[in-house]
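Top line first, the protein sequences correspond to chains G and H. Sequential numbering of the first sequence, starting at 43, is according to our numbering. Sequential numbering of the second sequence, starting at 410, is according to our numbering.
Hints are supplied without guarantee of correctness; some may be wrong.
[Unchecked claim] Lysine-lysine pairs mimicking BS3-like chemistry, simulated, CA-CA at most 30 Å apart:
no. : chain 1 : residue 1 : chain 2 : residue 2
1   : H       : K613      : H       : K673
2   : H       : K673      : G       : K241
3   : H       : K618      : H       : K600
4   : G       : K241      : H       : K438
5   : G       : K101      : H       : K489
Just so you know, these hints were derived from the structure itself, not from any lab.
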Amino acid sequence: MNSKTVVSDSHEAPDDKDCQQDGLVRPVIYVPPASTLATSSRAVGIVMRRELIRFRADKIRIVTTLLQPMLYIFVIGTGLTSLTSNGSLVNLRTFIYPGALGMSVMFTAVFSAGSIVWDREFGFMREMLVAPISRTSIVVGKGLGGTVVASFQAIIVLSVAGMAGVPYSPALMIELLGEAALLAFTLTSFGILASVRVKTMQGFMGLTQMLIMPLFFTAGAMFPLSRLPAWLTVVTRVNPLAYAIDPIRRAVFSYLALPQKVREMYAPGITWDGWKVPTIGELLIVLLIGIALLGVAISQFRNIE
Amino acid sequence: MDGISIEVNAGETFGFLGPNGAGKSTSIKMLCTLASPSSGSAKVAGYDVVNQRNMVRRSIGLVFQDPTLDSYLTAEQNLKFHADLYGMKRSLVSERIQEVLEMVQLWDRKDSKVNTFSGGMRRRLEIARGLMHSPRVLFLDEPTVGLDPQTRSSIWKYITGLHENEDITIFMTTHYMDEAEYCSRIAIVDKGKIVALGTPDELKAGVGKDRVTIEVDNIESAQRVIGKRFSLESSVSEGMLVVSVEGGASFVPRLFSEVDLSIKSVSVARPSLDDVFLSYTGTTIREAENQAPPDMMRTMMAAQARR
């Protein structure tokens, strides 16, 4: 390609023929001359808000993503209760609840990030790409949008906590929401990275399904992370999701009136060679992984689009 | 694209005309900073498309060939989104939304979701959105492709009316010959090269000859007779005999008096841009595209209607 094209413009010329005609509106430059932090954050804000508007409009999605955790809590949780010894102090529904909450957040976050693929497929991405904003603003906006959307989903799942035997203590609810939001952020970042690379919605769905289910099952969402065979112990310790589910379960169990021994059995925490990783450490791991994924996604997005 | 060099003047409606695959969309993409030229340079509104991307983006409005609206949002939400992306002054946004929506007659539908809109309404909304931030240059990539004739003419009404309300330069691509007539200047592109550049009248004057279309019973013998008597080359197009001749109107009486043919009908057409394309590229735009778009018949009729 070897081309030289000039679309020139001489609005500055006072004797511009067109401008002399009566009734002609002179150009009003509404757009500021340089991008600033204010314009960037406004762009981030609108990209994020669009995710919320779409989430609100998509009532079916809200219902279906609520259905899944309900199945886990009330069908599997109730069904498996008959297997446990009748003297058990802990309702299996309560045990499964943190996993179901995490799962709901995961799916919402990843699919929300999939809107990048959607936008690309339906052309809307181009509207954003030709705007005078940085590529980073688009990715950050999408990341925050997915985080907020998935946190809303978490609120919906938290609203049924009582039915699973989780007490509605305000402090517990706030803690769970915070941990869910962190999980949402990391999963959205993961979803964005996937959607930058994968160009079709089918491909995106396939890839994320293939990755999410194994991650979910080895995150200790459905079983305690202690007394596992060695191979499974290793798998669960390298699974980043385990570090997001475990704090949720620890928080839930710390609000149940249980003997210390029972609590240790159901919510043993994650141990590294005998050392129990503190909750704050676990949350830090999740946060750092989320930031790293988003960073890679931003650099990929800037190179590709 | 290969070795193209053009200058478009401010306030002009410049048309980029050529068959599908001639490189029109690629050119637009380069000018809109969506693709980088492998060599050469281009300036839009005084800004370089490679080194001053953000300034270029700020100065242009775009209407793409494929829709780029969010169909889950309302018309107004789409425009608000645009205003925020472009960092438009907040106090001006709602006033400007009303202005552009009224211009394309969608103000009463501002709260409807875009997925309830027809193709023509969507295109009008995209034009309104492209104008939201008062761009200095508006790019229209095939603004009427895939629309029915009625909608196409209404879209054109808006585009030609733009100069009355906005001080704007329009750069557009099309492969409809009749639409190129609306441009103040056009460049005909074929196989990545510009083969002609000028106002539609200049280009047509360059062709010179009129087109006489004759409907006759025995085409082959008529072709032979005309060739012998007038030493004119003729071609057959869609069952009609087509003769290119200077002074077409005075050729018709001679045709009737000097040869004996059972002629059913004769029509004379001043050169159309179709003929211009034909004379510069040696092929009609239809043949260049291999397949005739469904509304080519209309183009054909429109070309003949103009004399």
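Cross-check of the supplied hints:
1. Between H/K613 and H/K673, the direct Cα distance comes to roughly 28 Å. Compliance with the 30 Å bound is thereby established for this hinted pair.
2. Proximity of H/K673 to G/K241 is assessed by CA-CA distance (about 58 Å); at most 30 Å being required, the pair is judged violated.
3. The suggested pairing of H/K618 with H/K600 holds, with an alpha-carbon distance near 25 Å, which does not exceed 30 Å.
4. Between the alpha carbons of G/K241 and H/K438 the distance comes to roughly 20 Å, so the proposed pair stays at or under 30 Å and holds.
5. Annotation: proposed proximity of G/K101 to H/K489 holds, straight-line Cα distance about 23 Å (limit 30 Å).
Going down the numbered hints, you'll see the structure goes against just number 2.
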